[in-house]
Amino acid sequence: MIFTFPEPRHLGISLATLRQRHPLVHCITNQVASNLTANALLCVGASPLMAEDEDEVAALSPDALLINLGMQTPARMRSARVAVTGARQRGTPWVLDPVAAGALSSRTELALELAAFRPAVIKGNASEIITLAGGQGGRGTDATSPTSDAQASAEALARHTGAIIAITGPEDIVTDGHRTTIVTHGHPMLAKITGLGCMVGALIAACLTVETDALLAATNALTLLGLAAERAALRATGPGSLQVELLDELYKTGSGAWFS
Amino acid sequence: MIFTFPEPRHLGISLATLRQRHPLVHCITNQVASNLTANALLCVGASPLMAEDEDEVAALSPDALLINLGMQTPARMRSARVAVTGARQRGTPWVLDPVAAGALSSRTELALELAAFRPAVIKGNASEIITLAGGQGGRGTDATSPTSDAQASAEALARHTGAIIAITGPEDIVTDGHRTTIVTHGHPMLAKITGLGCMVGALIAACLTVETDALLAATNALTLLGLAAERAALRATGPGSLQVELLDELYKTGSGAWFS
Amino acid sequence: MIFTFPEPRHLGISLATLRQRHPLVHCITNQVASNLTANALLCVGASPLMAEDEDEVAALSPDALLINLGMQTPARMRSARVAVTGARQRGTPWVLDPVAAGALSSRTELALELAAFRPAVIKGNASEIITLAGGQGGRGTDATSPTSDAQASAEALARHTGAIIAITGPEDIVTDGHRTTIVTHGHPMLAKITGLGCMVGALIAACLTVETDALLAATNALTLLGLAAERAALRATGPGSLQVELLDELYKTGSGAWFS
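Chains as they are written, first to last, in the working numbering: chain A, 0 to 259; chain B, 0 to 259; chain C, 0 to 259.
Think of the hints as simulated: they come from the structure by calculation, not from any bench. Do not take every clue at face value.
Stated by the list, open to error - Chain B regions said to be covered by chain A (calculated; three or more residues, Cβ under 8 Å):
hint, segment
1, 23 to 31
2, 65 to 72
3, 102 to 109
4, 191 to 205
5, 234 to 240
As the list claims (entries may be wrong) - Label pairs and their in silico Cβ distance ranges:
hint, chain 1, residue 1, chain 2, residue 2, range
6, A, Leu-233, C, Glu-229, 21 to 29 Å
7, C, Phe-258, A, His-21, 47 to 55 Å
8, A, Leu-233, B, Pro-187, 22 to 30 Å
9, C, Glu-229, A, Gly-161, 50 to 58 Å
Built from N, CA and C at the ideal position, the CB exists for glycine as well.
Same shape as in the complex, but just chain A (with noise of 0.2 Å):
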């Protein structure tokens, strides 16, 4: 069954929320989207910790975490272990985007490991989820298999998983194995953004924060990313002028005009 939501004036009360609870949302990602992802949590309200060595990864208790495996290393594996076993301890909601599983066979058996503990949601292109799911990868991080394609994928990925599965691409597809949501915004020109994909992970976190149903937390996430986009995508002359926009549009989200 798929739905269509949310409507804008929920994403709207839910965003609002997140300004109000500024929650710390933890990631351990790539140091090519490092700096985007951050941005972007302040954008929205939230506050970035982006601590990745062992001992202080074992020191915090954020109200959400991202674990993205681009750019792999063993002390970067082991601190993601570390999260995500005390995320799984305190009930902290957390996202896994395996980056390039698939692509990388290390990654797709770390991804299943990880995927264990019990991630909230999982996201990611479709090769990465139809890989996870047993099937067949692709070649890349931009990888571009039709969306569509994966859907049953994802949903078997949710059933036996647990977590919410989010694919993203032309058309974002969330499911929880039953219930399936389709979000049509956002805009081609994403794609030449490096690390937008990996931010996404970042806001499907923090709207994990003020949302209990993780459905309904990754839809807002991809359906404020996409509004943003389109509307970014109105100043912008190509991907640089994009990605600024793009920080700039999360921020108005904070003013009460952006959803009127």
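Starting from the structure of chain A, add chains B and C where the hints point.
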């Protein structure tokens, strides 16, 4: 006793000297802030050196040094010790930014250890400075204790360490324990740019190469940033464009018209 | 013998091919430059791969490779050796950017070691190239020896290594030891964008995937950057906006109108 200085004219002369000397400013900082930090240094006419490998650090003789504790790792900690040891031996002025002291006890310990190596300036937010002075710290990198509450702590820490203490916030406070300056320039949206505070530490380090009075150097750097932010904010529509405009304004300080 | 090529029309055809082939360009580069580098590759239609873990690197088979020595670490050095060994075995074209050779003796040694693995292109500033040819290097990453002084060194280094040598500066010089091209496009403000030189190495790597003549590929990449910078500078008001506009211009080369 509270001073209000520098006069814009004095700041302009100091920045002109900086552009003539083109000082090498070595930064050991976190990966979220490193790009913005290097760009800001280039914009004001300094030459950034971002090496962080222990052996490479041992081979450097910069004109000034920044040690920023964000996203700490054991390797970077070793390099920081090598760098500050060298700076002390050579008499190179250096800045300590004790990111998340108070929020993470390991950062507090490291900051206190490094503070014994005679930094010229310790720059932090109110929570970090209160922590180093022996008080109660805050929860993270964007902690928002009122700046003024920390003034007594800053003065005590300055007298204890011999360093100038700079507290950044809505109003910046700079003190040597006896003389205190207040910088009221700036813009609230600066708090929404990740790594901005880290970048300020590098600007202070750059200013230390052209001012023998470290109190004046730190005040200069904070005034420069505040004035540039005020101008940049006139054209910015959010944190994305504010960062772009801010770099442009720092660059424009090299033109004679900026201080008129 | 000094050539002045390519004609804009030829460059346009080469870039159109690049966008069709969507080549995977693997970059092992420093954390200050990695975001800008990946964004530039996306803008010209290439697909960036930024993995730097030794095991992950061993599993990759990119279409071209960039090894940038900035912010070196022992781990990245090992990965660089793995990557160039693989590139040589597979016949994958690769670019060496010997950042700070001359300024740091360890970088000089590493650069000379890697140069034996037959890079297609070695790209550096005048100081770095003079150092590798056996002369006196400079003090840092933004060393400013007059480019023309380095031409003789570049020609000697090209004949010795078999690589194309590209010297970037106010005028770029590209040589195979016999044929030499000069690129006079560009803008002085490019020197105020951190990681810009590192980014150029990745553009050269991308161009190597569509030109069998590496002299032409390197000249193409430098011409592309220079033309884009000239256009971007028309709208930029400082280094911050120049970087944004530069990415937009690189993206616009995909439209037919850019070369008309």
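* To do: Starting from the range 50 to 58 Å, see whether the pair Glu-229 (chain C) and Gly-161 (chain A) falls in it by beta-carbon distance.
  => holds, 55 Å
* Per the coverage rule (Cβ-Cβ under 8 Å, at least three residues), is the segment 234 to 240 of chain B covered by chain A? -> Our answer is that it holds, as 6 residues pass the Cβ test (under 8 Å) against chain A, meeting three.
* Asked: Lying within 47 to 55 Å: is that true of the beta-carbon distance Phe-258 (chain C) to His-21 (chain A)?
  -> holds, 49 Å
* Starting from the range 22 to 30 Å, see whether the pair Leu-233 (chain A) and Pro-187 (chain B) falls in it by beta-carbon distance. => holds, 26 Å
* Stated coverage of the segment 23 to 31 of chain B by chain A [criterion: 3+ residues, CB within 8 Å] -> holds (count 3)
* Are three or more residues of the segment 65 to 72 of chain B within 8 Å, CB to CB, of chain A? -> Holds: 4 residues of the segment 65 to 72 of chain B have a Cβ under 8 Å from chain A.
* Asked: How does the Cβ-Cβ distance of Leu-233 (chain A) and Glu-229 (chain C) compare with 21 to 29 Å: does it lie in that range?
  -> holds, 27 Å
* Three-residue Cβ test at 8 Å for the coverage of the segment 191 to 205 of chain B by chain A -> holds (count 4)
* Asked: Three or more residues of the segment 102 to 109 of chain B near chain A by CB distance under 8 Å?
  -> Since 4 is at least three, the answer is holds.
Violation of the numbered hints given earlier is absent; every hint is satisfied by the structure.
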